[in-house]
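Protein sequence lines, in the order shown, are assigned to chains A and B. Using the working numbering, you'd call the opening residue of the first sequence number 1 and step up by one each time. Using the working numbering, you'd call the opening residue of the second sequence number 144 and step up by one each time.
It should be emphasised that the hints constitute simulated quantities derived from the structure, not laboratory data. One or more hints might be untrue.
[As the list claims (entries may be wrong)] Facing chain B, according to a computed beta carbon distance under 10 Å, are these residues of chain A, among others:
hint: 1; residue: 7
hint: 2; residue: 8
hint: 3; residue: 20
hint: 4; residue: 77
hint: 5; residue: 78
hint: 6; residue: 143
As the structure is a prediction and not an experimental result, all values here were calculated from the model. Glycine is no exception: its CB is placed at the ideal position from the N, C-alpha and C atoms.
One letter stands for each residue in the lines below.
Number of protein chains: 2
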Amino acid sequence: MTQASASVAVFLSEARVARLATADQWRKPHVVPICYVYDGRSFFTALDRKPKKVPGHKLKRVRNILENQNVSLVVDEYDEDWSRLRYVIVNGKATLLRSGAEHEKAIVLLNQKYAQYSKMRLTELKTSVIKIQPHKIISWGKF
Amino acid sequence: MTQASASVAVFLSEARVARLATADQWRKPHVVPICYVYDGRSFFTALDRKPKKVPGHKLKRVRNILENQNVSLVVDEYDEDWSRLRYVIVNGKATLLRSGAEHEKAIVLLNQKYAQYSKMRLTELKTSVIKIQPHKIISWGKF
Chain A
1 MTQASASVAV FLSEARVARL ATADQWRKPH VVPICYVYDG RSFFTALDRK
51 PKKVPGHKLK RVRNILENQN VSLVVDEYDE DWSRLRYVIV NGKATLLRSG
101 AEHEKAIVLL NQKYAQYSKM RLTELKTSVI KIQPHKIISW GKF
Chain B
144 MTQASASVAV FLSEARVARL ATADQWRKPH VVPICYVYDG RSFFTALDRK
194 PKKVPGHKLK RVRNILENQN VSLVVDEYDE DWSRLRYVIV NGKATLLRSG
244 AEHEKAIVLL NQKYAQYSKM RLTELKTSVI KIQPHKIISW GKF
């Protein structure tokens, strides 16, 4: 399915961190933790959490997406009681948003979800955003 | 580097969960949370956390590894204080261990690290193990 069920959608909206896997043209995967928002249809993550360290377009995840749009995202909860383990895997296509209405909306949603961004002046930074459109959403465990 | 520094090695040894990204022959990545052990050189993760649900060799991660050995693993800590965010990315090659001395050692280490496995009789199950040999270990944040 490409649409999450109600309880899975809440889980995806509320989680604070996800892990995003991309792959380069030689099929080498690369996985990083990301902060993100889910608007019920797509996922959005900003590039510049550490603005001055590495220019956004040089990040491995960005270079990979420009070579290969396929991505996989996982949102999970670890618990020492393994009967409570659960995760949602989202497979889809990623695109880079540099400006425009959708980019602006994503920045607003990221600022709303993460107070941390307001200190970083994310809006002023005009950071690029990765948009992920799900093709398949797989949930595992109790929701 | 392929060897972790002392503080990174401790972090990798103690963390309870990692996320493993594989990719299929069409460059489509797939990411899942895993329990694992790190012996200071390689990472090992057992397939059969839920033995009866899906046979190990049918798992997407296994099919991907058989097509394409390249994997990426991330171990991270999320914190609302973003100055405390940190992660370690391990890029390397994965192989499937079905038996032998290294397989047995991995099962012992997994049982030692996770009390949960002892209830599941992991040793008796003779579950397959994925071994990940790092080519590159990248740490980000304070260690």
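Checked hints:
1. 7: violated (19 Å)
2. 8: Violated, because the Cβ-Cβ distance from residue 8 of chain A to chain B comes to roughly 16 Å (cut-off 10 Å).
3. 20: At 8 Å from the nearest chain B Cβ, residue 20 of chain A passes the 10 Å test, so the hint holds.
4. 77: At 9 Å from the nearest chain B Cβ, residue 77 of chain A passes the 10 Å test, so the hint holds.
5. 78: At 4 Å from the nearest chain B Cβ, residue 78 of chain A passes the 10 Å test, so the hint holds.
6. 143: violated (15 Å)
Checked against the numbered hints above, the structure violates hints 1, 2, 6; every other hint is satisfied.
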